[in-house]
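Chemist: Going from the sequence shown to the numbering used here is simple: count from 1 and add 36.
No lab work stands behind these hints, which were simulated from the structure alone.
Any given hint might turn out to be false.
In silico SDA-like pairs for lysine to any residue, Cα to Cα no more than 25 Å straight-line [unchecked claim]:
1. K126 <-> F166
2. K111 <-> E279
3. K148 <-> T158
4. K126 <-> F102
5. K111 <-> C164
6. K111 <-> L180
7. K247 <-> S272
8. K111 <-> D157
Label pairs and their calculated CB-CB ranges [as the list claims (entries may be wrong)]:
9. I189 <-> E107: 28 to 38 Å
10. S61 <-> P92: 31 to 41 Å
11. N163 <-> K268: 48 to 58 Å
12. N266 <-> L197: 12 to 22 Å
13. E269 <-> K67: 39 to 49 Å
14. Y113 <-> K212: 32 to 42 Å
15. L197 <-> E64: 38 to 48 Å
16. T162 <-> N224: 18 to 28 Å
17. V159 <-> S272: 40 to 50 Å
18. E106 <-> E147: 17 to 27 Å
If you're wondering where the values come from, they're calculated on a predicted model, not measured in any experiment.
A virtual CB, placed ideally from N, CA and C, is assigned to each residue, including glycine.
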Amino acid sequence: MVQESFSLKIIHFQSVPSTQNVALSYLELAKNEDLLIIAEEQSASIGRKQNKWFSPKGGWWGTFVFCKKEEINQKQYAFLHYSIALGVRKAIETILSIPVKIKWPNDIILEKRKLGGILIDTVKDTNCNFLLVGIGINTNNKVLSLDSPVNSIAISINESLKIKADNEKLTKELYKQIKNYINKVLRNNFEEILKEFNSYDILCKNNIIYKNQDYTVEGIEDNGLLRIQNEKETLSLEIESSELIQI
37 MVQESFSLKI IHFQSVPSTQ NVALSYLELA KNEDLLIIAE EQSASIGRKQ NKWFSPKGGW
97 WGTFVFCKKE EINQKQYAFL HYSIALGVRK AIETILSIPV KIKWPNDIIL EKRKLGGILI
157 DTVKDTNCNF LLVGIGINTN NKVLSLDSPV NSIAISINES LKIKADNEKL TKELYKQIKN
217 YINKVLRNNF EEILKEFNSY DILCKNNIIY KNQDYTVEGI EDNGLLRIQN EKETLSLEIE
277 SSELIQI
């Protein structure tokens, strides 16, 4: 089903393997207007590093596609992870008035457990640099009944707060906030993003374990890397290193 809404074309599916993969078949549509591929459920959704993401009915599962004429450089690409996470965080807080945090680089956190995740891909075309923003949020789906370890690390809004999230309102707010925060990156407002991200990142100023060594997280640096340090050394970590961090 195709909907036209607030300059955003929405293509709605009951079930797909992955909205991120389905979006690749609709890139041409995004050349004329922003696009959202959204599904009631995903059977083979993925996150960063090809990690599987459980996506049953009730949650918010979708991929926004934006066509950008500008080239996206390496620094901007790193900051897109942070700015989009901030946009998702703000959208959830705006609609549901709940204190959502972030875990570097772009996990969405509620009550110290994972509420949502973000996957960012880019596809180059002769006339367009496509930005694919895949988002999964546990809104009204059940996670407590799932097998371990999912039920111990994940959380849903409905089960935690005993409220029903309005996924339609959330869609509109996500689009508004994500587009706003993407534009901040493209305008190179890195300092603003850096300060805001560090203020919401649950790792910032806290202790972590990285490669079996204890460190303190100092926060995101101007270059987009995560700075960690201990008495012996200071390291700057790329986003790909996030899988090696334990808290």
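Chemist: State for each hint whether it applies.
Modeler: Cross-check of the supplied hints:
At roughly 24 Å between alpha-carbon atoms, K126 and F166 fall within 25 Å of each other, so this suggested pair holds. At most 25 Å may separate the alpha-carbon atoms for a hinted pair to count; K111 and E279 meet this at roughly 20 Å. For the hint pairing K148 with T158, the CA-to-CA distance comes to about 30 Å; that exceeds 25 Å, so the pair is violated. Restraint check for K126 and F102: the C-alpha separation of about 20 Å stays at or below 25 Å, so the hint holds.
A C-alpha spacing of about 19 Å is found between K111 and C164, which places the hinted pair at or below 25 Å, so the restraint holds. For a cut-off of 25 Å, the pair hint linking K111 to L180 is broken: about 38 Å separates their Cα positions. Between the alpha carbons of K247 and S272 the distance comes to roughly 14 Å, so the proposed pair stays at or under 25 Å and holds. Between K111 and D157, the direct Cα distance comes to roughly 15 Å. Compliance with the 25 Å bound is thereby established for this hinted pair.
Range check, I189 to E107: about 37 Å between beta-carbon atoms, so the 28 to 38 Å window is met. Taking the beta carbon of each, S61 and P92 are about 23 Å apart, not inside 31 to 41 Å as hinted. About 50 Å separates the C-beta atoms of N163 and K268, a value consistent with the hinted range of 48 to 58 Å. Our hint of 12 to 22 Å for N266 and L197 is violated, since their Cβ atoms are close to 37 Å apart.
Range check, E269 to K67: Cβ separation about 47 Å, and the 39 to 49 Å hint holds. The hint said 32 to 42 Å for the Cβ distance between Y113 and K212, and at roughly 22 Å that hint is violated. Range check, L197 to E64: Cβ separation about 40 Å, and the 38 to 48 Å hint holds. In this structure, T162 and N224 meet the distance hint of 18 to 28 Å, their C-beta atoms being roughly 25 Å apart.
The supplied range of 40 to 50 Å is broken by V159 and S272, whose beta-carbon atoms lie about 28 Å from each other. Checked against the hint of 17 to 27 Å, the pair E106 and E147 fails, with Cβ atoms roughly 38 Å apart.
In summary, the structure is inconsistent with hints 3, 6, 10, 12, 14, 17, 18 from the numbered list given earlier, while agreeing with the others.
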